[in-house]
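J.: The chain contents come next:
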Amino acid sequence: MNLQIATASSASENGNNALDKIGSMVRACIQCGTCTGSCPNALEMDMTPRKMWRLVNLGRLAEIMASRTFILCSDCYTCTLRCPRGLPLTDAMEALKGIAFARRERRHRSSRLFYEKFMQTVRRHGRIREMAFMTRYFTAMKSPTVPLRFAPLGIKLMGKGKVEIGLGKTVATPLDALFEKVADLERTTCAPLENEGHG
Amino acid sequence: MNYLYYPGCSLTASAREYDLATRAVMAAAGARLTEIDGWTCCGASAAAPISHLLSLSLSARNLALAEQTADDGQVLVPCSACYLNLKKAHNALRNDAAGRATINEALSAVNLTATGSVRVRHLLDVLAKDLGAQHLAPLMKRTLSGLTVAPYYGCQCLRPYPEFDDPERPVSMEPLIEATGAAVHAWEMGSRCCGASLVSTHPEAGLNRVCAILKAATGADLIVTVCPMCQMNLDAWQAKASRMAGENLAITVLYLPQLLGLAIGLSAQELGLDLNLAIERSFRERMKP
Ligand code: SF4
Ligand code: SF4
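Chains A and B, in that order, give the protein sequences.
Numbering that gives the first Met the number 0 applies: residue 0 is where the first sequence begins, and numbers increase by one.
Numbering that gives the first Met the number 0 applies: residue 0 is where the second sequence begins, and numbers increase by one.
Any given hint might turn out to be false.
Unchecked claim - Result set (DSBU-like, lysine-lysine): computed pairs, CA atoms no more than 35 Å apart in a straight line: (1) K155(A) with K287(B); (2) K50(A) with K20(A); (3) K214(B) with K287(B); (4) K214(B) with K50(A); (5) K287(B) with K159(A).
I should point out that these hints are in silico values taken from the structure, not numbers from a laboratory.
Just so we're clear, the structure is a prediction, and the values are computed from it rather than from any experiment.
Generate the whole structure from the sequences, applying the supplied hints.
T.: In structure tokens form, the structure reads like this:
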């Protein structure tokens, strides 16, 4: 089971090509800073979103990948809503995550594992079994301390019988065929689907 | 009123009480839910960075199944993340001919086709617009007067698609809360992000978001939510957030249909209240029959 196949065409060999694609999404940026001022996570970011769009337009991939700004995007869509140029900023943040994962950037390993393990669970079972997914994530992290962070929550949920409910009655629907078809299509068609702005 | 019901993964596990309360309140209001047969995960926020097409195809698969049941049906979605994913797929199917062709090519691998003929509706949209306070108020046998409720909308039921409410200053929950007899807590945080999965991937950032929301709820008796991710961030991490803030931020957090169900007179059991992670003793006392 391997998710890389799905990312093969999006970014792996040539991050700069993928960056061009994102550049075309934010080309019209006028550096007004509304995105930065709107972002709930700006305080924890090491580079403002405004600056990140500038680096995207300058094609400075290495500096972007070294930053944790895009990985801290929580998909709230406030910047997308407010950008005076109507740019699809949340989609652009998402695409930057995609480049970092495809390049297997060390700095973003834990986030990548979180996303990949999630999708592996979906591929195998069709639905997310929250505890199975968390176990897989922790195993992949190989960090003895990380699971401790979540232990109290796991115990709380288990105490409430809130995990793995209904597995007996619902048959798992593996989605291998769909995942493989998508990977095929991405290998053969270079034209990505359009990302939408708002409005 | 008939709806095709897409519960989504969370509602089968950590958010079972949301599923119970949604079904119970919709039944009490005379609406019929038909669960989409064979539904699968929408890809949450994890699929899109890995592959945009995969994300759209996973959601379109569920729309295709819904179309098989009723091709002009209304798909009812209680989880905001699922709602947004299904909306995006719906949008691509309806407004982007090339996108529709590619998605359907992907779906051919599982012998399905989707046209986007169904409508995707968030539970809050349906409660506020299809049922509405006028229809729900007469069903309410118990007044919740004396309680102050902080409406928490989160992000993805509001943005980027402003379908049923103002995307930054939402108000759609207010008439519903007022119908129960409770007062609405005035605050600015109702549409501010809860941090989503940052609590797992970058805990300091995630907990800062949770802290800010819980602090702003001071003065309210409870918070109501309309998304399992928001609910989990606001209820399961209260102890950690309190430690971080150096003050007690404990507060009752319910799903909106649980609050409505209490006013309608449904039992704690029917509404799954024993499954909630944050219910204060004072609230329990107040709710004793
Ligand atoms: S809000 Fe839009 S135009 Fe302004 S800096 Fe951000 S991306 Fe550029
Ligand atoms: S969508 Fe992402 S980058 Fe934009 S404001 Fe929200 S968290 Fe910040």
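J.: All hints, please: hold or fail.
T.: Now for the hints, and whether the structure bears them out:
Straight-line distance between C-alpha atoms of K155(A) and K287(B) comes to about 24 Å, which keeps the hinted pair within the 35 Å bound. For a cut-off of 35 Å, the pair hint linking K50(A) to K20(A) stands: about 18 Å separates their Cα positions. With a C-alpha separation of about 27 Å, the suggested pairing of K214(B) with K287(B) holds against the 35 Å cut-off. This hinted pair checks out: K214(B) and K50(A) have alpha carbons roughly 31 Å apart, not beyond 35 Å.
Restraint check for K287(B) and K159(A): satisfied, since their Cα atoms lie roughly 21 Å apart, inside the 35 Å limit.
Going down the numbered hints, you'll see the structure goes against none, and every one checks out.
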